[in-house]
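Residue numbers (our numbering), protein chains in the order written: chain A, 1 to 672; chain B, 673 to 1035.
Careful: at least some of the hints might be erroneous.
[Said to hold, decoys possible] What follows is a set of in silico ranges between Cβ atoms, one per label pair, in the way DEER data are often shown:
1) B:Ser773 - A:Asp271: 55 to 63 angstroms
2) A:Glu416 - B:Gln924: 21 to 29 angstroms
3) B:Leu873 - A:Asn494: 41 to 49 angstroms
[What the hints assert, rightly or not] Stretch by stretch, here's where chain A covers chain B in the computed footprint (C-beta under 8 angstroms, at least three residues):
4) 832-845
5) 853-864
6) 948-954
7) 967-975
8) 997-1007
Rather than coming from a laboratory, the hints here were simulated on the basis of the structure.
Cβ atoms here follow ideal geometry from the backbone N, Cα and C, with glycine treated the same way.
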Amino acid sequence: MKRIATLLLAFTGCCSLYAQQSCDEALSVTEGQYNVSFNDGSEVPPNCIDTAIATMGVWYSYTATENHNISISTNVEDVTNTDTRIMLYSGDCENLTCIDGDDDSGGNFTSFITFSAMAGETFIFAFENNWNSDDFSFVLTEMPYNPPMFTPQDVTLSGAYKNCVADLNGDYLDDIVSPVEGFVNVLYQMEDGTFTSAQLTAPSTVFMPGWSMAAGDYDGNGYNDLLYGNGSGAAIMLADNEGTSFSEKIESNPEFFLFSQRTNFVDINNDGNLDAFVCHDVQPNVYFLNNGEDGYEFIQGGLGDYPDGGNYGSIWVDYDNDNDPDLFIAKCRGGGSMAAMNELHRNDGDGVFTIVASIDTNESNMADMIQTWSSAWADYDNDGDMDALVGASSFANGGHKFMVNNGDGTFTDGTEGSGYDDFTGINNEHVAHDFNNDGFVDVFGGGNAIMMNNGDMTFTPMTIDFGHGPIGDLNNDGFLDVFTGTKIYYNNGNDNNWMKITLEGVDSNRNGIGARVEIHASTGTWTQQIRDVRSGDGFRYMSSLNVHFGLGLTETVDQLVIKWPSGVVDIVNNPQINQTTHVTEGETVLSISDVENNLFKLYPNPAKDYIQVEGQNIEITRALIYTVNGRIVSDSQITNNTISVQELAQGTYAVILQDNTGKYHTSKIIKE
Amino acid sequence: MKSLTLYIIVLFSTIVTLFSCGEDDSGEYSELPNTSKVVMDLNAVPYPKLSDYNFFEGEMKSLIPVEGVIPYDLNSTLFTDYALKKRFVWMPENVRASYVSDTDILNFPDGAVLIKNFYYNNVQPDNSTRIIETRLMIKKDGKWTFANYVWNDEQTEASFSMNGSFTNITWQQGDETKTTNYRIPSRVECFTCHKSQQDSLPIGPKPQNLNKLFNYSDGTKNQLTKWVELGYLENNLPTGITTSTDWTDKTQPLELRVRSYLDINCAHCHREGSHCDYRPIRLAFNETVTPSNLGICIEPQEFINNSLTHIISRGSTQRSEMYYRLNSVLENERMPLLGRTIQHTEALELMDEWISSMEEPCP
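Required output: the full structure, derived from the provided sequences and hints.
Structure below.
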């Protein structure tokens, strides 16, 4: 076939036998169908997909006459499909830059690629013969311009564990972290969105993070430390006091076999020090309980004790709104083993946990034998409590389950009609983020799809052409990006507004991990949103510790509330949108004044025993009382708008009052 | 409930075995002469030292068995970073194993012990032999117990340890010098591969794997026949046994070699009712007669990259996730999950040959 075609070309005397054989000779094409033949000696296109090496290429260029979305497909009707690969470049032939590449997205091993082209813009694309050199055809289609959600960009970073996006130099910008033996390679994000690379020395460990990574400031020195989950143990790499190297390590006992899965930094006993939690694949879970003074206790037991494990995806989430992180464990195990039963452990404070879902109890309705490696938790309906998508890794023992928080410590199965009942994509990774900043949290999960939250507890899959990776804002534009190891998939953004919040704990752990962050608004498609600050979600990756909210078209946020693990509550009224707000624990308490407000008055003030909240249409349900130095002295439920001050010492205090709609009000009181 | 039932079944079958053995003692079996020097007090094992069992005579590192300690081999063996293995079996007097099926491990009597020595030849720098560990499985009260013994540097003694550890080893493998940080497994790792529900079970000694010739000191004989002769195996074997093959034997059919390799290396996790049966492959020797159980033209559930379209993509090694995982040394990608940290080059060649030999591509 090829020979005949060549012969025909020779007869017609057309141009050259070797047209399209190099970038310089790329055939300029417009919308239409084209036949492709490989020729020996042609220029091999630079590989934009992987490290495979082809031997021939066929070259084309496309210049847009107006703004278009372009698709190129090698799956052409009435033409035999062959196993093709396509590469797409910008730039010129001396300076080709990979835009994208595709192997099999067209089905039946054909290639399919889409991109946006602006009027006058030229792209070069080429096919290569990695799989075979047979003839084929492609169709280039011009479609109405509609910008894609993500645009890939190549990233050069060495290492086999490119699983972490977290700030390493204390500027709260998300950096890209890649541990290697004896070092940690890092791409520091600069203010202008570019990256500067560095190699930080690190103690050598055999426990490299083959299974998962977490980041958090374990020793509270202002720089994030790293937790490596390895198949034989776990290691904590401690950053020095300048954040310029990792100077010390803590390792699990080499004589204790630890088959790590998901890892998390979390303050398990709420003593203000982050602990390091590690899921154990084949035994009860373990954790390093940090005493805050360079010491720790290595503990196995109490947080997922099924004898032969099955622990894959731990996630710390305050599902019962009592301001401490509870633990849900996504579990997996074949053979009908009960090790697959998912578990929920309710944190009752001070390190005491009660099991509310397991093989023994299902009082929360979260015990399930789905084969799952991770669950994605968020307040999907913005009603003030955390719901869960328990994501299937296999449909062998049931499909995805979308569990709606009833607000009373139990959950209702809301899978039916949610879009998850007929969604067949499966994955080990399920994470919850608002990717389109519409104010409703989406789920990045199965089958390379983001399930976009429609805002009514239903989800619609949006197919993407890349796999999972750590997530963060890698150009500081308020839209979340994904790092896949070789590329950053930059979120192209839209007109929606956003807020980011960065935290600095004082009494609580430095990162504020375990804090509940809320925003409130009066008008728009939502009136409240909540996030839990956590280190380690999904199965393998460590995503940004910064809190991100999409706001939709909402322009005014009335209140930003941070409920710290210590009990301190910070309130920022009318926070700025489309920028990052940094909150140090207790800082807003210090600025509470007794400015008159038109909602209520406190009387008497000064007071001896009781203070009355006097106002129309206000019912106060909770009062937090702080010293003027920002230290919390009491947190109590109140009735009849009456605050007791009997127990207080003489002096001036700041108070935060929560009303029955969930809003917060601040003032000052004086105890006589 | 299920494990309780299983326990009862195991217990019951053990009683039956003991009973029937007692009955048959004077019958058709030749009795083992009471000469075994092995020391086996089931109330005292596992002993602190390997020498306490007296399995070997002379210098222990020569692994010359005392009478009653019988060497055996399997058609195909588990790859553990190229470690060589010497296997032995011992049973107390007047008890014997019995046949269950071609694919199930023999039903061993209490007191039976499987002895597996892991060693390397041509260890650098001086081309010496180094025995790293001796793994025992002892049957006690109807259940199998692990006992692992780690050899000292002097190669004079091995001590009981179930904690697991790493040891670096560099050796000459053909024309290549190879190095690995060899993993001596902990009890938990032993159990992860050797479990059936909550019970531990041996993996190798199934009739399908034992049915082969072995070169004994007094001549070559089929292992199962020899075991019957020795009184180690009840003579209830069927006439034909569906048998795996030596995967390195290039005279054997390609697919049979592949199925034999996959059975011994993978089936402890990938068979019906096992650790990983939520994934679609079933790799036990009796299951791989079905092409889809081998993953042929089955889409993988775990995304690694776009090229890996099937678990086995007919004709394309580069598109086959099973090959990718057998080739990978990253701990989250590699298969098997435990026991291998470096590439098994010869097995990869076998897999490549097998996958490449399939002509019709997957639809």
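**Prompt:** Which hint numbers does the structure go against, in order from smallest to largest?
**Reply:** Hints 2, 3 contradicted; others consistent.
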